[in-house]
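With the hints as constraints, model all of the structure from the sequences given.
So you can see what is in the structure, the chains are spelled out below.
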Amino acid sequence: MYKHLFIIMLLLLPVIASGQDEITVEMTVSSTKISIDDQLYLTVKVSGSQQNLPQPQLPSMAMFEAYSQGTSTNISIVNGQVESSLSYNYLLIPKKEGTFVIKPAAVVYNHKRYESNEVSIQVVGSGGTASNPEEIEMTTGSGQSRDLFLIAEVDKKKAYVNEQITLTIKFFHAVKLMSQPDYTAPQTTDFWADLLEEQKTYYQVVNGRRYKVIEINTALFPTRSGDLQVGSAMVEVRVPSRRSGRRSPFSMFDDIFTQGELATVRSRSIDIKVLPLPSEGKPENFTGTVGKYTFTATPDKTTVDVNQPVTVTYKFSGTGNITTVAEPQIGDLKDFRIYQASSDEKVSKVGGVIGGTKVFEEVYIPKRAGQLTIPPVEFNYFNPATKKYCTHTSKPIVLTVNAVEGEEYADLPYRPVAGRVVDPKARDIRFIKTNADDLRLKQPLIILRPQYFIINLIPILILAFVWISRRRKEKLRADIGYARSLQAKKMAKKRLGMASKLAKSGRPAEFFAEIRLAIFSYVADKLNISPHGMTGDYLLDIIKKSGAGEELVERTAGLLKNADFAQYSSASVTEDKIMKSLKDAEETLVELEGINLE
Amino acid sequence: MLIVSGVSYATEPDSLFQQANQHFEDKEYDKALEIYTGLTESGYESASLYFNIGNCYFKQGELGYAILYYLRAKRLDPNDDDINANLDFARQFMPTRLEGIEFNPVTQFFGTITGPFTLDLLAWLSSIFFVILVLFLSALVYFQLGGLPSKLLVYLLLALFLVSAGMTTYKYRNEYMTGKGVIVADEARIYSAPAADSDLEFVGAFGLTFEVGREIDNYYLVMFENKRKGWIKKELVEII
Numbered sequence: 001m002y003k004h005l006f007i008i009m010l011l012l013l014p015v016i017a018s019g020q021d022e023i024t025v026e027m028t029v030s031s032t033k034i035s036i037d038d039q040l041y042l043t044v045k046v047s048g049s050q051q052n053l054p055q056p057q058l059p060s061m062a063m064f065e066a067y068s069q070g071t072s073t074n075i076s077i078v079n080g081q082v083e084s085s086l087s088y089n090y091l092l093i094p095k096k097e098g099t100f101v102i103k104p105a106a107v108v109y110n111h112k113r114y115e116s117n118e119v120s121i122q123v124v125g126s127g128g129t130a131s132n133p134e135e136i137e138m139t140t141g142s143g144q145s146r147d148l149f150l151i152a153e154v155d156k157k158k159a160y161v162n163e164q165i166t167l168t169i170k171f172f173h174a175v176k177l178m179s180q181p182d183y184t185a186p187q188t189t190d191f192w193a194d195l196l197e198e199q200k201t202y203y204q205v206v207n208g209r210r211y212k213v214i215e216i217n218t219a220l221f222p223t224r225s226g227d228l229q230v231g232s233a234m235v236e237v238r239v240p241s242r243r244s245g246r247r248s249p250f251s252m253f254d255d256i257f258t259q260g261e262l263a264t265v266r267s268r269s270i271d272i273k274v275l276p277l278p279s280e281g282k283p284e285n286f287t288g289t290v291g292k293y294t295f296t297a298t299p300d301k302t303t304v305d306v307n308q309p310v311t312v313t314y315k316f317s318g319t320g321n322i323t324t325v326a327e328p329q330i331g332d333l334k335d336f337r338i339y340q341a342s343s344d345e346k347v348s349k350v351g352g353v354i355g356g357t358k359v360f361e362e363v364y365i366p367k368r369a370g371q372l373t374i375p376p377v378e379f380n381y382f383n384p385a386t387k388k389y390c391t392h393t394s395k396p397i398v399l400t401v402n403a404v405e406g407e408e409y410a411d412l413p414y415r416p417v418a419g420r421v422v423d424p425k426a427r428d429i430r431f432i433k434t435n436a437d438d439l440r441l442k443q444p445l446i447i448l449r450p451q452y453f454i455i456n457l458i459p460i461l462i463l464a465f466v467w468i469s470r471r472r473k474e475k476l477r478a479d480i481g482y483a484r485s486l487q488a489k490k491m492a493k494k495r496l497g498m499a500s501k502l503a504k505s506g507r508p509a510e511f512f513a514e515i516r517l518a519i520f521s522y523v524a525d526k527l528n529i530s531p532h533g534m535t536g537d538y539l540l541d542i543i544k545k546s547g548a549g550e551e552l553v554e555r556t557a558g559l560l561k562n563a564d565f566a567q568y569s570s571a572s573v574t575e576d577k578i579m580k581s582l583k584d585a586e587e588t589l590v591e592l593e594g595i596n597l598e
Numbered sequence: 001m002l003i004v005s006g007v008s009y010a011t012e013p014d015s016l017f018q019q020a021n022q023h024f025e026d027k028e029y030d031k032a033l034e035i036y037t038g039l040t041e042s043g044y045e046s047a048s049l050y051f052n053i054g055n056c057y058f059k060q061g062e063l064g065y066a067i068l069y070y071l072r073a074k075r076l077d078p079n080d081d082d083i084n085a086n087l088d089f090a091r092q093f094m095p096t097r098l099e100g101i102e103f104n105p106v107t108q109f110f111g112t113i114t115g116p117f118t119l120d121l122l123a124w125l126s127s128i129f130f131v132i133l134v135l136f137l138s139a140l141v142y143f144q145l146g147g148l149p150s151k152l153l154v155y156l157l158l159a160l161f162l163v164s165a166g167m168t169t170y171k172y173r174n175e176y177m178t179g180k181g182v183i184v185a186d187e188a189r190i191y192s193a194p195a196a197d198s199d200l201e202f203v204g205a206f207g208l209t210f211e212v213g214r215e216i217d218n219y220y221l222v223m224f225e226n227k228r229k230g231w232i233k234k235e236l237v238e239i240i
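Protein sequences, first through last, are from chains Z and E.
Note that the working numbering gives residue 141 to position 141 of the first sequence, counting from 1, and the numbers run on in steps of one.
Note that the working numbering gives residue 222 to position 222 of the second sequence, counting from 1, and the numbers run on in steps of one.
Possibly wrong hints are sitting among the right ones.
As the list claims (entries may be wrong) - The following residues of chain E were derived to be distant from chain Z, with all beta-carbon distances above 10 Å:
#1 Leu39
#2 Leu49
#3 Glu187
#4 Glu215
As the list claims (entries may be wrong) - DSBU-like cross-link-like pairs, simulated, lysine-lysine; straight-line CA separation at most 30 Å:
#5 Lys475/Z <-> Lys234/E
#6 Lys561/Z <-> Lys545/Z
#7 Lys494/Z <-> Lys577/Z
#8 Lys442/Z <-> Lys151/E
#9 Lys349/Z <-> Lys442/Z
#10 Lys334/Z <-> Lys27/E
#11 Lys367/Z <-> Lys151/E
#12 Lys580/Z <-> Lys504/Z
#13 Lys31/E <-> Lys334/Z
#14 Lys234/E <-> Lys473/Z
Think of the hints as simulated: they come from the structure by calculation, not from any bench.
Note that the Cβ used here is the ideal one computed from N, Cα and C, for glycine as well.
If you want it as structure tokens, here you go:
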């Protein structure tokens, strides 16, 4: 039993031992004394035998701007003992001068708190000894020398709203750059910024060391009053690595095959006090223009016809934020219609000063003839050099307007939309129409009216009629049987008419012959056969086969019998019998018409 | 009989029209407008009447209505120089222009060739060509003619009829079957759904024309010339 317990204890020993391993936290800085223009690197190193080292809690560093520079890990195994360390790197940029103590960083592990040492840093002014780049190079001990640095300057730290402040950013470097410098401009939230010119490159000797300088100038116009700040600019660039103290015989190839190390330099942020424009002496119609300007108003002609345009050019020239110069204030004039024709702006950046010319063209269209005056226009601006408001007034423009017969001025209810040019030749809407000839009651569209439909239908009906009649004509001509069949009734009626005349003329034999022929011809025509040689029995047989009723067959048979009889004994035929036979013949033909003879 | 301003007029529309013209000349635009609109409410119409109403609205500063009536006048008389000039002039004051209008070349071609004609004129033209064509065909059938000149004449008449009928159909479909409207309010909000609390698509202004899709409650679904769609309140627009 005790033996087993001993073995278990022996197995657990390394675990217990590892749990008892201490964690160490160490804080180091690249320099303990720096200039306000400089920066330093802070490293917090957490070491221990654990593989998963905890992240340190950083102390408050309110006097510095802190930027993370990443982490680095180091693991070493010596005699089976694992030792690992994790380094957290930070870039610190001082905000003000003085001596500051950075409190210890801490790590909590297994409910236990481990603290680092604290660090004291002295930040001296830029005029101090540490501002000397060479001196800084000596004091920055972790391989980050003063080979490159960034300076931001302004020409004035106190300015009025909308007054130009020139910001100059200078990037000094005394080592070969292994990549294009990546420049991040400073944050200028409360300023309207305009890059002054292309960057300048030149050499400058600072404390005996020759630096190449890249300079960027920006014009800043504060948009509000108060304590404003220009943020810090930043340049990131790769420079040759300085870690290896001794250069190998093949170091000449290092520059080719290595990318160097990334260096970051920042400028200090700059506080600027922006004053509001003085309220004393501020003109009523002041629009906020600051600078120094001249102002002219020039018409393109001074003699003009009624309703013809005159273009007046209002030109503003000078130094200042020319973009903010507003359109001249021209009220409504009784004698003119006014349109803004165009505006143009040319910004100049001569000698690092923003200025230029802004031109507004206004079109005046005189409404009446006579000597008309375009009143003077006032232009106000604040001159920061004299700290006073200035007012320029253009000269009144006198126009000689000639009358033109028939021209009438127009009162337009609308002004054109800003920036849009209304054709000055179009003086007004055209006059109403006085003729009421086309006035009529509203009617549905022509294509929806029944008359339109009928008009288009009639020719179709005509065509259909013509086509059908043509077809019938052709069929009659080509098909004799069809023609005979169609003509059968007509011929039979003709024969009955003839028979009627014969009856009235007292010739019964001819009458009955005609009656007989009418019936025989009708049936023969219908069947397209010859009536000659057709016997009475054959005819009756045809009628029967075609579906005629008994009555019709009997009547037809009786009619034929009477006809045969009368032909041979016409003397015994009475007038009544003749009339009855005529009537029977007519009825027989009508009934034969009703059956389909075949 | 027309009732204008509470006074009964048993007068002819012509004399009322002249009366309104006189008011316009005297710059009494509201009185002129009252008589002109009285005529339209009584069922009268003409390009001149709509044109004069457009002028009254223009003089009163109601440019949305002015453009509406110029468009109505243009429909009745597309070639009238005065109507086109005033419509173009009024449109110059429109604060909003549409971007991204893409013209379909086929539609544009048909629009150009049918533009100068009214629908009635095109309908009569196609009808005349149709009647002549059919009567000529009837004559050919009746008289059994079939020579080359006759055939050529048939083809020519058939082509003229098809072109004029095609133009009539296009004009009818494009300008009458598809309802068109114009914004008359100074500002009009176009929404994504027929409700004021739906998303705002964009803000239009007077003079913008559109095609009317369907309608729900107090809203039209409209499509502008740049193909943007949205719902607009009926009270802000008029159908041309």
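Here is how each hint holds up against the structure:
1. Leu39: 7 Å, violated
2. Leu49: At about 6 Å from chain Z, Leu49/E fails to clear the 10 Å cut-off, so the statement is violated.
3. Glu187: 13 Å, holds
4. Glu215: For Glu215/E, whose nearest Cβ neighbour in chain Z is about 22 Å away, the distance exceeds 10 Å, so it holds.
5. Lys475/Z <-> Lys234/E: 66 Å, violated
6. Lys561/Z <-> Lys545/Z: Roughly 20 Å between the alpha carbons, so the hint for Lys561/Z and Lys545/Z holds.
7. Lys494/Z <-> Lys577/Z: Satisfied, since the Cα-Cα distance of roughly 21 Å is no more than 30 Å.
8. Lys442/Z <-> Lys151/E: With Cα atoms ~42 Å apart, Lys442/Z and Lys151/E exceed 30 Å; violated.
9. Lys349/Z <-> Lys442/Z: Distance ~68 Å between Lys349/Z and Lys442/Z Cα, so the pair is violated.
10. Lys334/Z <-> Lys27/E: 18 Å, holds
11. Lys367/Z <-> Lys151/E: Roughly 65 Å separates the two Cα atoms, so the pair is violated.
12. Lys580/Z <-> Lys504/Z: Holds, because 13 Å separates the two Cα atoms, which is no more than 30 Å.
13. Lys31/E <-> Lys334/Z: 25 Å, holds
14. Lys234/E <-> Lys473/Z: 65 Å, violated
Violated hints, listed in ascending order, are 1, 2, 5, 8, 9, 11 and 14; each of the other numbered hints is respected by the structure.
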